[in-house]
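Residue numbers (the numbering used here), protein chains in the order written: chain X, 14 to 335; chain B, 14 to 156; chain F, 18 to 396.
The set of hints was computed from the structure by calculation and includes no laboratory data.
Where is the CB? At the ideal position from N, CA and C, for every residue including glycine.
Incorrect hints may have been included.
Stated by the list, open to error - From chain B, some residues computed to sit far from chain F (all C-beta separations above 12 Å): (1) 92; (2) 125; (3) 139.
Stated by the list, open to error - Below, in silico cross-link-like pairs of lysine-lysine (DSSO-like), each with a Cα-Cα straight-line distance of 27 Å or less: (4) X:333 with X:199; (5) X:74 with X:46; (6) B:88 with B:145; (7) F:351 with B:88; (8) X:78 with X:199; (9) F:351 with F:317; (10) B:145 with F:79; (11) F:79 with F:351; (12) F:207 with F:300; (13) F:376 with X:312; (14) X:148 with F:376; (15) F:351 with B:145; (16) X:78 with X:148; (17) F:79 with B:88; (18) X:46 with X:78; (19) F:317 with F:190; (20) F:300 with F:190; (21) F:351 with F:190.
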Amino acid sequence: MNARIFLTQLLGALGLIVILGFNVIIMDWWERKLVGHIHRRPGPMHTGWHGILQPFADMLKMLSKEDIVPDRADRLFFWLGPAVAVVPAFMALAVLPLAPGFALADIGNGLFFVFAMQTIMPFGYTLIGWSGHNKWSLVGALRSAAQLISYEIPMLIVALGILLAAGSARLTDIVNAQSTVWYAVKQPIGLLIFFITAVAEMNRSPFDMPEAESELVAGIHTEYAGMKFGLVMMAEYTAMLVGSWMIVLLFLGGWHLWPLPPSPVWLVLKLYLVQSGIIWLRGTYLRLRVDTMMEMSWKYLIPASLANLMLVGVLATTFKGF
Amino acid sequence: MTVDLEAVAAAHSGRVDREGLDPAIVVPRETWRQLAQALSEAGVWFSDLTCVDRGETVEVVAQVCASASEQITLKTVLPNRDLTVDSLWPVWPGMDWLEREAYDMFGVSFVGHPDLTRILMFDGFEGYPLRKSFLLETEEKAS
Amino acid sequence: MIEDHPRVGRLQKDAVTESIVLNMGPQHPSMHGVFHMQLELSGETILAARPVIGYLHRGIEKLAEHRTYAQCMVLVDRLDYISQYCNEWAYCRAIERLARIEVPERAEWLRTMYAELVRVTSHLMWFGSVGLDLGGWTPVIYAFIPRERIFDFFEATTGSRLMPNYLRFGGVKEDVDPAEMEALHAYLAKDLIDALDEFDGLVTGNEIFLSRQRGLAPMTVDQAHAWGVTGPMLRACGSTRDLRIDTPYGVYDRLDWESCTDTRGDALARYSVRMREMRESAKMALQCIERMPAGEVRTKVARVLRPPEGEVYVRHESTRGELGFHIVSDGSPKPYRFRVRSPAFMNVSSLPHLCAGAKISEFFAIFGGIDNVMAEIDR
Numbered sequence: 014m015n016a017r018i019f020l021t022q023l024l025g026a027l028g029l030i031v032i033l034g035f036n037v038i039i040m041d042w043w044e045r046k047l048v049g050h051i052h053r054r055p056g057p058m059h060t061g062w063h064g065i066l067q068p069f070a071d072m073l074k075m076l077s078k079e080d081i082v083p084d085r086a087d088r089l090f091f092w093l094g095p096a097v098a099v100v101p102a103f104m105a106l107a108v109l110p111l112a113p114g115f116a117l118a119d120i121g122n123g124l125f126f127v128f129a130m131q132t133i134m135p136f137g138y139t140l141i142g143w144s145g146h147n148k149w150s151l152v153g154a155l156r157s158a159a160q161l162i163s164y165e166i167p168m169l170i171v172a173l174g175i176l177l178a179a180g181s182a183r184l185t186d187i188v189n190a191q192s193t194v195w196y197a198v199k200q201p202i203g204l205l206i207f208f209i210t211a212v213a214e215m216n217r218s219p220f221d222m223p224e225a226e227s228e229l230v231a232g233i234h235t236e237y238a239g240m241k242f243g244l245v246m247m248a249e250y251t252a253m254l255v256g257s258w259m260i261v262l263l264f265l266g267g268w269h270l271w272p273l274p275p276s277p278v279w280l281v282l283k284l285y286l287v288q289s290g291i292i293w294l295r296g297t298y299l300r301l302r303v304d305t306m307m308e309m310s311w312k313y314l315i316p317a318s319l320a321n322l323m324l325v326g327v328l329a330t331t332f333k334g335f
Numbered sequence: 014m015t016v017d018l019e020a021v022a023a024a025h026s027g028r029v030d031r032e033g034l035d036p037a038i039v040v041p042r043e044t045w046r047q048l049a050q051a052l053s054e055a056g057v058w059f060s061d062l063t064c065v066d067r068g069e070t071v072e073v074v075a076q077v078c079a080s081a082s083e084q085i086t087l088k089t090v091l092p093n094r095d096l097t098v099d100s101l102w103p104v105w106p107g108m109d110w111l112e113r114e115a116y117d118m119f120g121v122s123f124v125g126h127p128d129l130t131r132i133l134m135f136d137g138f139e140g141y142p143l144r145k146s147f148l149l150e151t152e153e154k155a156s
Numbered sequence: 018m019i020e021d022h023p024r025v026g027r028l029q030k031d032a033v034t035e036s037i038v039l040n041m042g043p044q045h046p047s048m049h050g051v052f053h054m055q056l057e058l059s060g061e062t063i064l065a066a067r068p069v070i071g072y073l074h075r076g077i078e079k080l081a082e083h084r085t086y087a088q089c090m091v092l093v094d095r096l097d098y099i100s101q102y103c104n105e106w107a108y109c110r111a112i113e114r115l116a117r118i119e120v121p122e123r124a125e126w127l128r129t130m131y132a133e134l135v136r137v138t139s140h141l142m143w144f145g146s147v148g149l150d151l152g153g154w155t156p157v158i159y160a161f162i163p164r165e166r167i168f169d170f171f172e173a174t175t176g177s178r179l180m181p182n183y184l185r186f187g188g189v190k191e192d193v194d195p196a197e198m199e200a201l202h203a204y205l206a207k208d209l210i211d212a213l214d215e216f217d218g219l220v221t222g223n224e225i226f227l228s229r230q231r232g233l234a235p236m237t238v239d240q241a242h243a244w245g246v247t248g249p250m251l252r253a254c255g256s257t258r259d260l261r262i263d264t265p266y267g268v269y270d271r272l273d274w275e276s277c278t279d280t281r282g283d284a285l286a287r288y289s290v291r292m293r294e295m296r297e298s299a300k301m302a303l304q305c306i307e308r309m310p311a312g313e314v315r316t317k318v319a320r321v322l323r324p325p326e327g328e329v330y331v332r333h334e335s336t337r338g339e340l341g342f343h344i345v346s347d348g349s350p351k352p353y354r355f356r357v358r359s360p361a362f363m364n365v366s367s368l369p370h371l372c373a374g375a376k377i378s379e380f381f382a383i384f385g386g387i388d389n390v391m392a393e394i395d396r
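Just chain X, same shape as in the assembly (with noise of 0.2 Å):
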């Protein structure tokens, strides 16, 4: 490799890193004020225009916190935990392409390198949740790897039948073979299911068992303050982030919108539509039992996912161009 590629792959990763800052600025201002909304309250108002500037007015409360590490904690697997659980999430984005070609890295098999990468997250809640020596924190781990694990079963049956449409596990291909037609049009029961999942995977509400402020006090992280909370609070909206960008990428067409032109722009709109769409539900359902959640992956998702391969293999091999 020569020094120059490097250069450049320093640069952009570095440059990701920055513009995923940004998301989860972004991201906690909206999720205020559009559960707000919900709620029919303003959400925050007093730090800058309808308060835009209260993302930075916690990061700078968080920055000044002491750091805390319980007496009893396991001191290197508590720093540990924020990182094994973030920087996952963080590779992932890498090779999530924004336009065609532009990612960091286009890989021939994407696909299975951000599967790859989320399944590595669980250990990192679980590390977070079991290091703070908490009951709380360590019912949660347990829910919280139970959970993950169980969902991504689904998730990943549901993306082979993506494979087996599109031919490549290269995620520019598979948004190219959207050009047209969606493959949320053509596989609508694939895309439920993943959206599922997806949201599960994400740890959000209904599905937000591991945090589940009203039964486990604040769940994995109850340990956790200052800026080791925000390294958390970062791994959460950066794997929403990544999930909705797979939801885009893989069911929503990408950068295209037929019959304009394909552009990044679609693709960013896209992306915060799913997210917005997330936090809709956070807003609207309560949260789910852990044993019908466990139930609901197991007994439905995951025959209901085989089911949709099938189909898919089927309608495949028997009509041309599906």
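Let chain X serve as the given structure and place chains B and F on it in line with the hints.
Chains B and F only, in chain X's frame:
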């Protein structure tokens, strides 16, 4: 009246006191639980149990309902030197917390209660707050 | 036998699985007040539960023995601060029965109206917290909108939203401003019903909500009687006991309403009974406004009341169940014994039975259905 108070009282060597606003059955403490048992079998349910400190004695007072609108007071009088009486928990399981509270506030021991510990005051608290001999801080200063 | 296998046998001998004890509360984001629950858990399943109360014990029963009867009214407000007027009314009824005080006709109507309005606000508060317990923020914020509107009405007459000190022996403190009553009538007739319809749309029909409440913590009538459970929780098991009908007081016998019951006995039944009770209470309050006769609202009572020697026990259908006041008078201006039979105290004592075998996440769904107020439990 769905319950013949006189007969029930007589059967448990007690008497019926009709001087108050509601009729009351007063029994000696030996027949306290039998009285409750007999009433419970007649379909009477309980509403409340508490104590009244009368100085030399402590009255244990239970309020029960013979029908939806019909109310009977049950009483037994305990001498101050020996505040023990049979627990009504075997008859009405809901008496659990009421008897714990009476124990907590008046020091009445309910024999046969499964878990007679303090409920509103903390463990290790000394004295029984609702006894007349328990003085408030302001009273202590005055005396 | 597989246990005889040397390796399995050793595993079974050495492997010790312990249950963990989780102290839930008194500081917990969704504990209703300072309630402490010791849960013994095996994984997420609750093996045993032991409630620990008393964190809010202010000794109201003792304090009352050192205050005159009229001064006690302020303490009574602070018992169940969510349904204040029910407490005050129950206390007034006890004293009025003891001292044989007559209450003017209009005052009875006013008391009934206030008690039913406060039942609506109390159930609204409960509805919001049920949503909160199940992980949704929206219901609580929606529920507070109508609640605040009714509080505005309370404030206009009594000057206080929560601690009104409004009822007096032999009536109420002051008459209501007719314009306020007019405005409230318009609100109850339309906007409140719209809001309740909206809540039903948001929560009652929600599949997640139904799946979490249906069949949860079932209770039979016999169990409820044995544990001393009263109020909406008892009516949800199929009992028709409602003191407003059984021992009529106020003007309930002259109003056109029905007591809400359900036969299922589970958490969903408790929810449904309370949701319907709100509509019934709003209906009753409307009828009170429409039919209220003009007249005096207060009889003359001695400034320092000395009820004759004796004792009285009055049962009252409060928002949470059977509220009892047991007052012993020795003829002095201060009560000799002031006893409160708190409905929530009895209802919460059934909690260990209800939540054994449930999951942690079910605990709050069960606990929310009890609708307790710690100030009343600890007194």
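Verification of the hints:
1. 92: It holds; residue 92 (chain B) is separated from chain F by about 18 Å at its closest Cβ, greater than 12 Å.
2. 125: Residue 125 (chain B) clear of chain F: closest Cβ-Cβ about 16 Å, beyond 12 Å.
3. 139: holds (15 Å)
4. X:333 with X:199: holds (13 Å)
5. X:74 with X:46: holds (20 Å)
6. B:88 with B:145: Answer holds: residue 88 (chain B) to residue 145 (chain B) is near 19 Å, not above 27 Å.
7. F:351 with B:88: holds (23 Å)
8. X:78 with X:199: Measuring from Cα to Cα gives roughly 50 Å; hence the hint is violated.
9. F:351 with F:317: Judged against 27 Å, a Cα distance of about 19 Å means the pair holds.
10. B:145 with F:79: holds (9 Å)
11. F:79 with F:351: It holds: about 11 Å lies between the C-alpha atoms, which stays within 27 Å.
12. F:207 with F:300: holds (11 Å)
13. F:376 with X:312: holds (20 Å)
14. X:148 with F:376: holds (15 Å)
15. F:351 with B:145: It holds: about 14 Å lies between the C-alpha atoms, which stays within 27 Å.
16. X:78 with X:148: holds (24 Å)
17. F:79 with B:88: holds (21 Å)
18. X:46 with X:78: The given pair, whose Cα atoms are some 25 Å apart, holds under the 27 Å limit.
19. F:317 with F:190: holds (11 Å)
20. F:300 with F:190: holds (24 Å)
21. F:351 with F:190: holds (21 Å)
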